[in-house]
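Undergrad: Chain by chain, the residues run as shown.
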Amino acid sequence: MPTQKTLAATGNSVVAEAMRQCAPDVMAAYPITPQTTIVEEFAAFVAKGRVHTEYVTVESEHSAMSACIGASAAGARVMTATSSQGLALMWEELHIASGMRLPIVMANANRALSAPINIHCDHSDIMGARDSGWITYFAETAQEAYDNTIMAVRVAEHPDVLLPVMSALDGFITTHSIDRVCVMDDESVAGFVGQYVPKNALLDTDAPVLHGAFAGLGGPYFEFKKQQRVAMENARAVIKAVGAEYSALSGRPFDVIETWGMEDAETAVVVLGSTAGNVRHVARDLRASGEKVGVVKIRVWRPFPYAELAAALKGLKAVAVLDRAESFGAEGAPLFLEVRSALYDLAGHVPVVGYVYGLGGSDVRLELMEQVFADLSDIAGGSAVPAGPIYLGAREEA
Amino acid sequence: MANLKELTHREDRLAGGHRLCAGCGASIAVRQVLLAAGEDPVVAGCATGCLEVSTTIYPYSSWKTAFIHNAFENSSATISGVEAAFKGLKRAGKIPADKKVKFVAFGGDGGTYDIGLQALSGAMERGHDMVYVCYDNGAYMNTGIQRSSATPKGAWATTAEVGVAQAGKTQRRKDLTAIIAAHNIPYVAQASVSHWKDLTTKAEKAFAVEGPAFLNIFAPCPRGWRTPSSQTIEIAKLAVQTGFWPLYEVEDGVWRQTVKVINRKPLEEFLKPQGRFKHLFKPENAALLAEIQADVDRTWERLLGRCSQE
Chain A
9 MPTQKTLAAT GNSVVAEAMR QCAPDVMAAY PITPQTTIVE EFAAFVAKGR VHTEYVTVES
69 EHSAMSACIG ASAAGARVMT ATSSQGLALM WEELHIASGM RLPIVMANAN RALSAPINIH
129 CDHSDIMGAR DSGWITYFAE TAQEAYDNTI MAVRVAEHPD VLLPVMSALD GFITTHSIDR
189 VCVMDDESVA GFVGQYVPKN ALLDTDAPVL HGAFAGLGGP YFEFKKQQRV AMENARAVIK
249 AVGAEYSALS GRPFDVIETW GMEDAETAVV VLGSTAGNVR HVARDLRASG EKVGVVKIRV
309 WRPFPYAELA AALKGLKAVA VLDRAESFGA EGAPLFLEVR SALYDLAGHV PVVGYVYGLG
369 GSDVRLELME QVFADLSDIA GGSAVPAGPI YLGAREEA
Chain B
578 MANLKELTHR EDRLAGGHRL CAGCGASIAV RQVLLAAGED PVVAGCATGC LEVSTTIYPY
638 SSWKTAFIHN AFENSSATIS GVEAAFKGLK RAGKIPADKK VKFVAFGGDG GTYDIGLQAL
698 SGAMERGHDM VYVCYDNGAY MNTGIQRSSA TPKGAWATTA EVGVAQAGKT QRRKDLTAII
758 AAHNIPYVAQ ASVSHWKDLT TKAEKAFAVE GPAFLNIFAP CPRGWRTPSS QTIEIAKLAV
818 QTGFWPLYEV EDGVWRQTVK VINRKPLEEF LKPQGRFKHL FKPENAALLA EIQADVDRTW
878 ERLLGRCSQE
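Chains A and B supply the protein sequences, listed in that same order. Going from the first sequence to our numbering is simple: count from 1 and add 8. Going from the second sequence to our numbering is simple: count from 1 and add 577.
Each hint should be verified, as a subset may be incorrect.
Stated by the list, open to error - Computed footprint of chain B on chain A, listed as stretches where at least three residues anywhere in the stretch have a Cβ under 8 Å from a Cβ of chain B:
| # | segment |
| --- | --- |
| 1 | 9-15 |
| 2 | 38-51 |
| 3 | 173-184 |
| 4 | 203-213 |
| 5 | 258-268 |
| 6 | 344-355 |
Unchecked claim - Chain B stretches covered by chain A per the calculated footprint, using a threshold of three residues with CB under 8 Å from any CB of chain A:
| # | segment |
| --- | --- |
| 7 | 602-610 |
| 8 | 626-634 |
| 9 | 732-742 |
| 10 | 792-803 |
| 11 | 852-858 |
I should point out that these hints are in silico values taken from the structure, not numbers from a laboratory. We put the beta carbon where it would ideally sit given N, CA and C, even for glycine.
Model the full structure from these sequences, guided by the hints.
TA: Written as structure tokens, this is what we have:
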């Protein structure tokens with residue numbers, strides 16, 4: 009069993025630590041709040057000679073991902089981190105990384121997108137990358153951010169997967185708050201992630217390969233995309249197997265969704281990221297007063313755990329979905345759409361109400377969570393499902 | 578430096594049978610550059626463009642080297658990542674310490690002067706051991722002859738049309754070679770497909786230096802310039818002889834003309850054979866033509882000044 013050290017550390021600090029322990033050959037990094045301290049701490053590891061990593065201080069996030077793609081195609085284990093506008097600037101390259109089947113691991117500090125400019129937490133950035141073909145883990149805590157980052161390496165590099173993986177943590181709330189985190193010893197992490205054995209490396213110059221071919225003239229573009237779908241579906245089992253192995257090693261449970269109080273819940277809230285803690289806190293109080301409420305936290309956003317979610321929410325009288333992002337003009341925000349779709353094939357109808365909350369770091373107060381549970385209670389009691397998305401806690405006038 | 582006989586014995590690293598047009602300057606530039614790479618293995622990158630789409634049609638490759646295409650604006654950033662992987666993997670002991678590989682990124686003028694300028698500047702400043710090669714044909718040829726910041730003033734392009742209100746592109750070219758020279762990298766040069774010895778010598782120097790090197794290669798495009806495909810080399814030669822495209826290098830900050838032009842020909846001799854400039858020879862554009870000649874004279878004098886200072 010590994011030696012574990014308990015630290016008081018920020019999410020960013022333990023993500024940097026996880027990256028050091030996974031020993032990437034290349035990191036291409038660019039600063040952006042609130043991710044910057046990850047790449048700063050990693051730069052300190054470089055300066056102290058604690059890593060063999062070639063650290064490339066690129067001039068933009070677009071070049072960060074471009075260099076990661078080059079390095080990964082060359083045969084290196086590659087990592088980076090970004091946030092918000094940086095992730096948005098990478099958008100083109102996100103699709104190329106997944107389309108070229110390169111197992112790059114990237115941390116994202118979830119942050120609002122401009123305009124107006126705002127550096128605080130929401131999930132607009134990562135929802136913009138939703139369809140880019142990246143496997144995506146969401147952390148509630150610094151501990152999960154650490155654990156997810158290590159598991160990400162194994163999943164990305166698995167021969168049945170070979171897809172890039174994002175390890176997302178909430179900007180400032182998780183990236184900058186000091187939390188209690190258990191960190192494993194270096195040898196245990198190194199043993200868990202193993203050595204990366206690349207396929208078709210550019211630097212295997214005895215067997216030259218071509219990456220990024222033109223498949224546009226009646227070529228197999230369509231079939232390549234189908235292969236990506238297959239790889240993403242393969243990832244479901246790999247994520248669980250890697251999670252089980254990691255769980256046995258670390259002693260910390262893992263599943264693609266985390267349920268609380270769902271054994272006999274009549275209503276539940278579905279949530280991503282750090283707000284799960286706020287929801288559970290209120291749910292615990294309601295449970296104490298006899299209300300049968302539950303919480304479902306999504307830990308893996310892509311591939312979306314629709315089957316697990318449907319099993320958890322089956323037969324409920326009402327479900328609330330909390331989205332920290334918008335999809336303007338859609339019937340609801342991204343998580344709402346996924347959850348409602350996951351419930352569509354169930355035998356009984358489960359009413360679902362959608363909320364948008366916390367955009368740009370707008371306060372996620374416990375009263376707001378209480379309001380959500382009160383609404384659920386009304387719907388369970390027969391009230392109509394209000395048209396959404398409901399802007400939870402938004403003031404009437406800015 | 579290799580002579581012609583030696584070069585002919587080297588393996589051609591861009592195979593024939595690719596889909597580039599007859600007379601395309603880009604493939605000539607690539608072949609000459611790769612001939613100069615010597616015996617070491619090469620990893621080549623290429624920006625989206627004619628060269629890329631015509632040489633990498635799945636499941637074929639014209640490249641007898643490892644090759645990567647990523648996107649339009651990031652050939653330099655991509656190859657900088659490959660070069661970084663080489664360093665990181667060596668440090669990890671996964672690649673032998675004595676292994677040598679050459680890294681080269683190609684891009685057209687659209688992918689280099691315009692959309693790729695930031696990534697190129699970043700890669701040059703960071704000091705990667707790589708060569709960046711721009712094949713400059715003065716427009717976005719792959720998308721259909723749209724003007725770029727390398728398009729000469731007065732040239733017709735599909736986004737710089739010729740009509741009663743406008744005579745082709747109204748702006749001057751960007752002097753990219755000087756911009757890259759301002760990065761204070763070990764080696765920067767301007768070359769032309771018409772001067773193979775000068776070009777291959779420069780490419781050998783570019784590969785030989787430790788750190789970044791940049792080659793800007795004049796590469797006519799018969800399709801976009803409205804010239805016969807048999808005239809590519811002749812027209813490239815006229816660009817040099819008229820001073821439109823001076824051949825020089827900047828080695829550790831020292832500017833030097835590599836092909837001296839004693840009796841510079843009038844610019845008209847370069848412009849006249851090209852359909853993209855034909856409107857300049859109408860009487861109403863005489864003043865514009867004179868202005869373009871004056872621009873070339875001025876940049877020529879400035880270059881001579883830079884070269885004589887050293």
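Undergrad: Run every hint past the structure and note whether it holds.
TA: For each hint, the structure was consulted:
1. 9-15: violated (count 0)
2. 38-51: Violated, because only 0 residues of the segment 38-51 of chain A bring their Cβ atoms closer than 8 Å to Cβ atoms of chain B.
3. 173-184: violated (count 0)
4. 203-213: Satisfied; 4 residues make the cut.
5. 258-268: violated (count 0)
6. 344-355: That given contact is violated, which follows from only 0 residues of the segment 344-355 of chain A lying within Cβ reach (below 8 Å) of chain B.
7. 602-610: violated (count 0)
8. 626-634: That given contact holds, which follows from 4 residues of the segment 626-634 of chain B lying within Cβ reach (below 8 Å) of chain A.
9. 732-742: violated (count 0)
10. 792-803: This one is violated; 0 residues, fewer than the three required, reach chain A with a Cβ under 8 Å.
11. 852-858: violated (count 0)
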